[in-house]
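S.K.: Each chain, letter by letter, is given below.
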Amino acid sequence: MNIAIASGKGGTGKTTVSVNLASYLAENDKVVLTDLDVEEPNSKLFLETELFHKEDKFKMIPEWIEDKCTLCGICQKVCNYHAVIQLGPSILVFPELCHSCYACSELCPTDALPMIPVKMGELSHYINDNLNFVESRLEIGQEQAVPLIAQTIDYVHDKFPEDIIKIYDSPPGTSCPVIEATKDADFVILVTEPTPFGLHDLKLAVETMKELKKEFGVVVNRHGIGNDNVFDYCTQENIPVLAKIPNSRRIAEIYSSGRLVYKEVPEFKEQMESIKNFILKIKKEAAE
Amino acid sequence: MKIAFTTKGTEWDSAMDPRFGRTEYFLVYDEDKDEFTHFDNKDVENDAHGAGPKTAQKLFELGAEILITGNGPGGNAATVLEKTGVKTFIGAGEMTVKEAFDAYKNDKLKPI
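As they're listed, the protein sequences go chains A and B. So for the first sequence, our numbering puts the first residue at 1; every next one is plus one. So for the second sequence, our numbering puts the first residue at 1; every next one is plus one.
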């Protein structure tokens, strides 16, 4: 079962929920936690795990071979992203704009644009007993998170074909990287905070998940600040609230020192227990 | 010398468009012939990505040697402009086309 932890707003507590929930579940069952926020992965900071495997990840980019080119212009016509531009007698390729669709390369009548691999990041797989942790890190200068997110999910699906709980810590926002990170999820947990900002961005995330036809629920973090509007909204929209994590300086301090909160704060652990029970319930329902 | 302006309209008194890649129009002034032409760039709105290089390529096709704009092109567009040898002047984003032309003639705009 694939569970994505997402949010509209950044900084609401996706990583807090992901690392604590995964570690808590791993006390009894085999779990895979994957950090898909490849532009700034940080789940690893909270986990004591050993490196099991590391590999480079590549994306394919066309390379112009001047000698073979007849300047017919087909490549630039078929590129939806304007990553291939013809300027007089030369073809320019913009690797950051390229989406590796192969159109220019395949449709070139003279094979003047072969696709070559370019390193875009690194994937690391760590293990601690029941907990498998996978993260990918985009190379500095690379602009596209989506291909790396897709390849990271492929790695997890390949390595763990069995039906165990797989948790995906997603990037914030509602743009392409989030779509990629959540599109294979069986359930999406949206972490928010009970503030006007939290509600505003939660609504965007909810609309996105509806568009993707996803099942989803909400975890309210920092419960106690702001107002009740997030709860009113969830009631009105029939969205289940899976947990309410209290606003507490102690939780923030434990998080800031890189420790797991559920091990030290019973009220927090109760909330992880609620989410766990919910996940086990839907997992059982899905199996039936 | 052909001078291209990024603009929001097609007149000498139109406002400049401070954006390069997503400019609404190019107004091209041919100094030798004392002639104005314009080019509608609004179909770039349909492009989520790559507006910069696409617009820079159009500028190349229009045959302009000087570009007068506001904020200046982004990295990808700048690569194309450099390759085509177009000289770019920025800082005219809040002016009308006429004001921008006068500022250029009086060396008030910043070259990049």
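I should point out that these hints are in silico values taken from the structure, not numbers from a laboratory. Careful: at least some of the hints might be erroneous.
[Said to hold, decoys possible] Which bits of chain B does chain A cover? Going by a derived footprint, with three or more residues having C-beta under 8 Å, they are:
(1) 29–40
(2) 44–50
(3) 53–61
The beta carbon of each residue, even a glycine, is placed where N, CA and C say it ideally should be.
S.K.: Give me the numbers of the hints this structure contradicts, sorted from smallest to largest.
M.R.: 1
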